[in-house]
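S.K.: Residue numbers (our numbering), protein chains in the order written: chain A, 1 to 293; chain B, 1 to 334; chain C, 1 to 283.
Calculated directly from the structure, the hints in this document are not laboratory data. Since this is a predicted model, take the numbers as computed values, not measurements. Take the hints with a grain of salt, since some may be wrong.
Cut-off 30 Å, straight-line C-alpha distance, at most; resulting in silico cross-link-like pairs (DSS-like, lysine-lysine) [said to hold, decoys possible]:
hint	chain 1	residue 1	chain 2	residue 2
1	B	Lys107	B	Lys12
2	B	Lys15	C	Lys136
3	B	Lys108	B	Lys120
4	A	Lys3	C	Lys276
5	C	Lys136	A	Lys243
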Amino acid sequence: MEKRVTFRSTWLPWALIAPQVLVIAVFFFWPAAQTLIQSFQQQDAFGTSVQWIGLENFHNLFNDPTYLASFRVTAVFSLLVAVFGILLSLVLAVFADRVVRGVLFYRTFLIWPYAVAPAVAGVVWMFLLSPSIGVAAYWLHRAEIGWDPLLNSNDAMALVVMASVWKQISYNFLFFVAGLQSIPRSLIEAAAIDGAGPWRRFWTIQFPLLSPTTFFLLVINVVYAFFDTFGIIDAATHGGPGKDTSILVYKVYFDGFKALDLGGSAAQSAILMVIVVALTVVQFRFVEKKVNY
Amino acid sequence: MAAIQLQDVVKKYGKGKHELQVIHGVNAQVGDGEFVVIVGPSGCGKSTLLRMVAGLEEITGGQIQIGGRVVNDVEPAERDIAMVFQNYALYPHMTVFDNMAYGLKIKKMPVEEIRMRVDKAAGILELGHLLERTPRQLSGGQRQRVAMGRAIVRAPQVFLFDEPLSNLDAKLRAQTRIEIQKLHRELGITSLFVTHDQVEAMTLAQRMMVMNAGNMEQFGTPEEVYHSPASTFVASFIGSPPMNLLKNAPGGREGAILGIRPEHIDVGTDGWAVKVETVELLGAERLIYGRLGDEQMIIRVEEGGLSPEPDSIIHARPREDRLHWFDAASGKRV
Amino acid sequence: MVERDRFLSVLTHIVLIVGILVVAFPVYLTFIASTHTTQDVVQVPMPLVPGSSMMDNYRAAIFGERTGGGSHAPVGRMMAVSLFMALAITVGKISISLLSAFAIVYFRFPMRMTFFWLIFITLMLPVEVRILPTYKVVSDLGLLNSYAGLTVPLIASATATFLYRQFFLTVPEELAEAARMDGAGPLRFFKDVLLPLSATSTAALFVIQFIYGWNQYLWPLLVTTEENMYPVVMGIKRMISGGDAQIEWNVVMATAILAMIPPALVVMLMQKWFVKGLVDTEK
């Protein structure tokens with residue numbers, strides 16, 4: 001889409017676009033380029049010696065069991081967050097769609113977790129489920145369910161998954177509600193007259209027509225799980241126990257700032273970049289098709 | 001077999017202070033196999049009435065019977081009806097075949113029988129070559145036929161049409177009208193057809209229900225409605241150009257409105273003195289807009305005849321046997 | 001809907017209310033915890049009704065008077081930092097995006113599309129992917145522990161530009177033509193026509209960016225080392241990293257509540273624009 005009517009000026013557009021270009025040049029492209037360059041180098045923490053080592057960093061990474069473990073952890077984590085996040089919010093959205101009056105009330109109280117910072121969510125959930133002082137942990141112990149996220153990897157994973165899903169429900173919910181509302185009422189009515197009950201109507205009409213939204217949210221939730229959950233992980237488990245909730249982005253941070261392995265961390269960042277770009281491309285290519293009615 | 005009975009049907013929205021009544025007690029009986037058109041201006045309640053018969057709106061008061069069975073509390077799926085929507089409401093993610101088969105699959109009909117029924121309906125509607133397409137790939141007229149096909153395969157007791165031709169262009173509309181008439185002759189299923197277009201109503205209906213602001217003003221054949229309108233509303237709604245309704249015509253009665261259609265007035269040497277304002281040539285006929293006293297009236301003349309100048313006086317004599325009288329206060333025919 | 005099934009209606013409301021309760025429950029407990037003394041909170045199980053230490057805890061949090069382990073940064077100061085950060089990021093991003101989108105849509109100049117794609121690419125990489133070098137740049141510019149260092153790097157992504165561009169493309173051509181005939185130059189057109197028309201988009205972006213800015217964690221973690229520059233979302237984590245010394249959970253929870261309030265308020269008060277903006281931005 002292009003505008004037919006444009007303004008003429010030789011200097012104005014440059015002046016208008018300059019601030020953004022400047023900012024992204026300095027704080028986006030330059031660092032991104034640096035990341036790529038550094039991923040092919042090895043330097044010590046003080047930057048005094050720099051060695052070009054080609055793909056060796058990447059080679060080391062893919063032979064490093066902790067890195068591969070981090071890959072696995074991230075995959076499991078994002079799958080759990082995406083699946084549960086989508087399922088729960090879909091259920092809520094379907095029921096919210098049936099409400100005639102009071103929709104605004106329900107929506108108001110279901111969307112505010114979006115506003116909660118991941119780090120705060122991490123602190124809160126950690127507090128609730130802390131094996132020593134947490135209320136929820138207490139109930140679990142009372143119910144004879146063993147619970148110790150400090151020692152048990154699965155428990156730790158459950159903790160961060162719960163906190164992440166909790167936060168993301170609002171976002172998914174909003175999109176599902178919008179998606180459901182964009183399905184013309186007459187389709188539902190036609191299905192009802194054709195003899196379909198509410199359950200069948202959902203499965204044969206609404207769910208298929210929601211598939212663009214569902215797919216879109218799948219990608220968004222995976223990206224969310226990859227990156228925006230850093231605060232949750234750092235606050236709730238520090239990537240532990242050991243490295244068992246250390247998702248890829250957490251490892252980048254840890255290796256870069258704590259372990260000071262600059263080359264390795266840069267290589268990890270580079271790999272993450274590739275993954276994100278791939279996901280974004282997938283999203284734009286396959287999701288931007290809309291269903292016509 | 002299937003007749004539709006509407007007894008004192010009332011529709012209200014809201015509660016208490018905010019209650020709004022939109023349908024005020026409609027009584028009508030539709031015979032088995034009859035094609036009835038519900039016609040009226042926007043907002044008269046015709047779609048609401050249809051949707052109450054369909055079960056998509058609750059019936060606030062009165063009773064609706066389909067095939068002798070009271071259906072007030074019966075779900076749409078159980079009423080043995082089929083509906084054709086204004087915007088077709090085709091399932092966009094299914095093929096034409098699946099669209100038509102959907103209701104039958106729910107009834108757990110055997111696959112061969114579904115195939116047979118869909119093929120038969122597709123044959124009647126000339127959709128055979130489109131069965132594997134999706135709605136996105138069809139034109140408006142084709143989508144409309146698929147919507148009708150979906151209704152036909154169910155072989156219901158009643159067909160309900162909710163302004164199905166409104167989204168088609170004029171030529172397609174005329175064509176589809178004829179197809180619907182043909183369909184009705186072949187299948188003979190009781191049909192309720194809602195439209196705001198009085199031409200559609202007049203051409204399609206065996207009987208028509210003229211509605212205005214939630215009231216059923218008249219329920220009769222097109223002849224009855226045209227020749228003996230039950231109220232000033234019906235008189236002016238049906239027929240184009242509309243009937244002249246005059247309060248102070250010479251020779252008129254006290255407290256009554258005289259009605260005479262533009263085509264039933266002769267222009268000659270004696271009669272009412274009408275001052276000509278505008279003359280419109282419409283091809284085969286001419287419309288003379290004039291003033292009788294302080295009221296406007298329209299006279300229709302043949303194309304080859306008179307063409308008076310604006311501001312001239314002509315003499316118009318209404319045909320005695322075509323006069324209608326309406327009570328000035330209630331608007332009802334006397 | 002179509003069914004008049006009472007059971008389904010009741011079930012609907014039950015499910016939704018359960019949903020709200022489940023979603024609200026953690027925060028409810030957080031609030032409860034923030035109203036008790038440390039001992040009550042730490043002793044399992046914690047009481048489920050509010051206690052009487054609310055004023056004490058919140059005061060201790062805001063002014064940083066505490067005795068337990070972990071960071072003692074006054075929450076009041078941290079909230080101020082967060083507020084400044086969120087507002088700066090929001091205003092900054094919206095401003096430069098408005099200008100860039102305007103330039104790209106309403107002007108023709110060489111390399112216009114190149115710039116567009118360059119800006120578009122920034123959508124793809126969140127700051128978490130380029131932390132090390134970005135840190136180095138900020139450090140080299142001497143911007144560590146400064147407001148500039150906290151905010152400017154986060155303005156460098158194009159979500160707002162993209163949204164404004166999409167919006168500008170839907171503004172009728174006739175408006176620009178009429179403005180030109182009226183003798184209005186581009187800046188005047190921008191100020192008097194485009195800006196007012198974009199009000200809804202701007203409101204939606206405001207909500208989204210404010211929350212984004214307020215909730216920043218990783219970036220402030222890297223570029224601030226002095227307590228008086230911690231935003232509250234980051235500071236709260238520091239409070240619980242005190243090692244062995246006893247953590248005053250009640251005050252931590254009070255901090256959590258305080259940290260949640262401004263963004264929650266923004267979301268709930270500007271709900272209408274927020275929802276519209278979210279759904280429109282991504283599509």
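S.K.: Now look at each hint and say whether the structure bears it out.
M.R.: The hints, checked one at a time:
1. Lys107/B - Lys12/B: 34 Å, violated
2. Lys15/B - Lys136/C: Distance ~67 Å between Lys15/B and Lys136/C Cα, so the pair is violated.
3. Lys108/B - Lys120/B: 19 Å, holds
4. Lys3/A - Lys276/C: At roughly 25 Å apart (the allowed maximum being 30 Å), Lys276/C and Lys3/A satisfy the hint.
5. Lys136/C - Lys243/A: Cα-Cα ~26 Å, so holds.
Figure legend: structure checked against the earlier numbered hints; hints not met, in rising order: 1, 2.
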